[in-house]
Each structure stands twice: as structure tokens, then as C-alpha cells.
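Single-letter residue listing:
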Amino acid sequence: MISITSPHTVGQNSVSKVMFTLVAALVPGYACLIYIFGWGYLVNALIAVTVAVALEALILVLRKRPVGFFLKDGSIIVTALLLACALPPIVPWWLVAIGSGIAVIFAKHLFGGLGQNPFNPAMVAYALLLVSLPVLMTSRWANVDVLPSFADALTISFGHLDKGLDAFTGATPLDHYKLNIGRLTADNVLQDPIYGAFAAKGWMQINLAFLVGGLVLLALRIITWHIPVSLLASILVMSVLFGSDGDAFVPTSLHLFSGSTMLAAFFIATDPVTAATSNKGKLVYGAGIGLLIYIIRTWGNYPDATAFAVLLMNFSAPLIDHYTRPRVYGHSKAVKGFKNDG
Amino acid sequence: MSGHSYQTIIKNGLWSNNSALVQILGLCPMLAVTATVVNALGLGLATMVVLVGSNLAVSLIRNYVADSIRLPAFVMIIASFTTCAELLMQAYTYELFQVLGIFIPLIVTNCVILGRADAFARKNPVIPSVLDGFFMSLGFLAVLLVLGALREIIGQGTLFSNMHLIFGESARAWEIEVFADYPDFLFAVLPPGAFVGLGLLIAIKNFIDDRVELKRRANTEQVTVGAKRVRVTGTIS
Chain A
1 MISITSPHTV GQNSVSKVMF TLVAALVPGY ACLIYIFGWG YLVNALIAVT
51 VAVALEALIL VLRKRPVGFF LKDGSIIVTA LLLACALPPI VPWWLVAIGS
101 GIAVIFAKHL FGGLGQNPFN PAMVAYALLL VSLPVLMTSR WANVDVLPSF
151 ADALTISFGH LDKGLDAFTG ATPLDHYKLN IGRLTADNVL QDPIYGAFAA
201 KGWMQINLAF LVGGLVLLAL RIITWHIPVS LLASILVMSV LFGSDGDAFV
251 PTSLHLFSGS TMLAAFFIAT DPVTAATSNK GKLVYGAGIG LLIYIIRTWG
301 NYPDATAFAV LLMNFSAPLI DHYTRPRVYG HSKAVKGFKN DG
Chain B
1 MSGHSYQTII KNGLWSNNSA LVQILGLCPM LAVTATVVNA LGLGLATMVV
51 LVGSNLAVSL IRNYVADSIR LPAFVMIIAS FTTCAELLMQ AYTYELFQVL
101 GIFIPLIVTN CVILGRADAF ARKNPVIPSV LDGFFMSLGF LAVLLVLGAL
151 REIIGQGTLF SNMHLIFGES ARAWEIEVFA DYPDFLFAVL PPGAFVGLGL
201 LIAIKNFIDD RVELKRRANT EQVTVGAKRV RVTGTIS
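Sequence lines, in order, name chains A and B. Going by the numbering used here, the residue at position 243 of the first sequence is 243; the numbering climbs one at a time, nothing skipped. Going by the numbering used here, the residue at position 104 of the second sequence is 104; the numbering climbs one at a time, nothing skipped.
Under 10 Å between C-beta atoms, here's a sample of chain B residues computed to sit facing chain A:
(1) Gly155
(2) Asp184
(3) Phe185
(4) Leu186
(5) Phe187
(6) Ala188
(7) Val189
(8) Leu190
(9) Pro192
(10) Gly193
(11) Val196
(12) Gly199
(13) Ala203
Here are the in silico distance ranges between beta carbons for each label pair:
(14) Arg217/B - Arg65/A: 19 to 27 Å
(15) Phe195/B - Lys333/A: 38 to 46 Å
(16) Gly115/B - Lys333/A: 44 to 52 Å
Result set (DSS-like, lysine-lysine): computed pairs, CA atoms no more than 30 Å apart in a straight line:
(17) Lys17/A - Lys72/A
(18) Lys64/A - Lys17/A
(19) Lys280/A - Lys333/A
(20) Lys64/A - Lys205/B
(21) Lys215/B - Lys64/A
The hints are simulated quantities; they were obtained by calculation from the structure and are not laboratory data. By construction, the Cβ of each residue, glycine as well, lies at the ideal position given by its N, Cα and C atoms.
Let the sequences and hints guide you as you build the complete structure.
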């Protein structure tokens, strides 16, 4: 370390500081998830973090990297927590463990570790699990009205799955609405006890909690406003344009305040490694994710769409960056696209 | 180009120039049909028949076909052998033929076969060509089998299921259930799983090669740190 005397500006954020702020910002969302859907989320989070940290240490040893240095940055804890709050709460422990393994080994370290991964590791793991184990991943969402006790949550995770399981599981509102709107009117569908006064029971509070966490991140300047705003705006525009008829399409309130919308907008899409870089690029990137979320939710086969939408836009992030280069100071025009840079 | 020793032919085919792991040819059937061991074995054997046959035939006619029209000629030869393999499979392993479907006729377009015909058989006498065909396809078959076993274990938790498709009814009992009550892990069954699996196999091969190379260097070059070249004139007593 060279000691410098002159007054230099020192960056405020180190990787570990950013990561632990992220963990703190996830706390309200997590608390809400556990309060509304039961201890399953806590069990999943503990399993995911334990497995992810252990595997991260193992891989760092194998790659001959400084273990303590990279573990301390906490990025793997954020990945594990994001994965655990995306997974359904009532799943066996090995599903969570496999998910963490995929995120750490395949999505992160095979690409070169922190800062090198082109795809969001938590979303890679989620998408891979969803494709591989579709039944477990779609039929194990919690029922708001019947919560398992902590002991039950542990039994479900580590013991036999079938014990009284049906009481604890329920459809997600997005899925329920889409399945039933074909034969019922909007009023009839909304009679179902999973819907509340506004949007879906439980899910709205969870989304609000993630929104609060996200606003904290914005206030602390961990993230910029571009991605969340453009993402939410494009979902809003799409659902107002196409979904104004509640008898045919999922209404706007459900799109914004049910499922994973707020989590996606503030925590998943804003991952600085896999998102576009320039501010204009971030706008395009966030709008693209919102558009894809709406398209996959409405015309696709999956109950929610964040993972696929984020991964598809991760693919496009380098292209977006190419076309949204800002003007360099002193030059009259920015070089955009793949034209000759000279 | 003659003078390939049998040893190098064997080593090239099985390891150092393995068609699947080093040349990365024949990806289409490799990724599509290696979901189980029996499929991998069936396709590997059919490829072997075609590759040995085509190398033999190409080597026999190598002095009589003009260079400018050699590729159409090779493709005709390969297509006839593929048709033979297809008819043989229809006759003896009809169920497996149905499982593998389009990938049997598609052996014609397998680059391993045309590649070996053009790169080896047309420049070499018959016996080395046949050996090259055999060991190249054996290396291909080995990779198919390993990939098939991996994907079968991870994908459906069994090993050697449905072997009766090739070996007759008595082979039905060969099936090993590796995990009881296994929920199918579809990623391994689908083509993306094959891509990841093949990538891992290539990585393992490169890792082993690196290790061997390091060891060889350590054995041959023993440089002591700080050694200097000294010119000695006269004798030191």
C-alpha cells in the first residue's frame, strides 16, 4: 500500500459494503415472506446460504484463489438469498442445495467468478430447476391461510414430503387468475380467498416490502433509478394497453403487486455485473425485461417469468451496451454499434 | 503421408485427436441421442460400421478417383454404408431403430466420417485406414457412452436401462437403479444438459493432458535455480 498525502477522492463503495447493504435491504422482504408464507423461506435461505458459502470456498480452493478475500465480499450470500426467496417455500432441501450448487459452480465460477459471469447466477439456477423439476417447482407455493409451523417446515424440507402437504400448498395468484379467467368473469375469479382488497392477499405486502428495500438501495445510491423505473413502466404500459379487459387478461394491479415483480425490478435486474452499463442502456435493458415478463406471463406457459426475462436480457446486455455508448468528452459524436471504431 | 505407426493411429483415435473431445465433430447426434446408454451404444456402433466401411472403401479407390470429384464420391460411399447400417438395424434391432429415428440416416452427414475419409483414408493404404476408422469410431463411441451414462444417471437415476433393445430379452435385467424414487431431472435429459456434460468431459480431458505435460516437463528439464554456464578450460584438480 502506497500512502498518498494529497486530498484524493476515495470511492465510497467496496464490493463487500454494497453486498451487505443489499442483504440488509432484503431483510424487510424476507421478514414479510416468512411472516406471510411461513418458515419455509427461512429454512430455504439457511440451506441456500450454507451450501453456497461452502461450495464457494471449495471452488476457490480448487481455483487456487484467496478464500477469505473472496468469501468476505459477501456476493455469494446475496446470490443465495435471492435464489432462496425466488424458490417456492415448500420444497425438499436437496432442491435448494442443487440450486445453490448450480448458481455457484456453473453460473459463477465456470465463467470466472465475481464480476465475470454474463448471467445472473440466482436466475440461472432458478431457470434450470424450473426446467428440470417442473412439478416440484410449480406446485409447492404456500397457502396464505394455512401456515406450517417451524417444525413442519423442517419436516417438509428434510423429512417426508407427503405428510399433510396439500394443506400447505396453494396456487400463486398469477397462475390462478390465468387458469380460471378462461371460464369465469373477473368478479368471479376475484371471489377466491387468495385475492385481497387490492391485488393478492399476502403477495401485495411482500411486494411492498421489497419495494421499501429497493427504495433504500436507491436512496443509498447502490442502484440507479433507470432499471427499476423502466422495468415497472414497461409492465405497466403493457398491462394497461393489452390487459385493460379484466375478463380476459390479468389486471395491472396483479402484474405489479403479485409474483416477483418488485423483487425483479429492484434486486435481480439491477445486478451490476449482468446488466447494461450506460444509463440509456439501463433504460432499454429494464424496459426489455418488463416487456418479456409481461409477454411470458400472458402468453407463455410458466406461472411467472422473471428468470427467463432476466436471462434473455442478460444475453442482450452487451449488444445494448454497443448501441448506447455515451458521447466521449471532446468528441462530437458517440461511436455506436459495430462500425469501424477507428 | 504414409508411415503412420499403428501406435499413433490408436493414440490419435482414442485420445489425442479424439473425434468428440478434440475435433468436436458429430455434435448433432452426440447431443441428440446420448440421453441413455443404450441409445449412445446403438448410435456409436452404427457409426463404427459406417466409418470402418467407408475408410476401407475410400482407401481402396484412392488412386482411381480424381481429386476434383472426390467429395461426391466419398459421400456416395458413406451413404451406401449408412443405408446398410440402417437396414441391418431394421432387421435386428427394430425397436432401437425406432428410438434413434432420423439420427441413423443422418450418419451420412456426420463430419467425423467425411473428415476421416478426406484427411486419412484417401492418403493411406487399406490396413492403416481401416484401423484409423476403427479407433476413431471407438473413441467416439467411448465418449458417447460416458456422456450417455452421465445423462442417464443424472436425468432418470438409472444405468443400462432398456439394454434389451440391443442385447435381447436377457439384458432387460441389466438395469441398475442408482437412486430409488428419483424425480427425473429433465435438464440432463434435454440437449442443454448434453452441452454442459460434453463441456465437462472436454475440461476433464484438457486437465489430464495438462497434468501429464507438467509431469513430463518436470522430469525432462531439471534446471537448478541460479545455475550458470561455466566454461572450463583445462582440468581442475
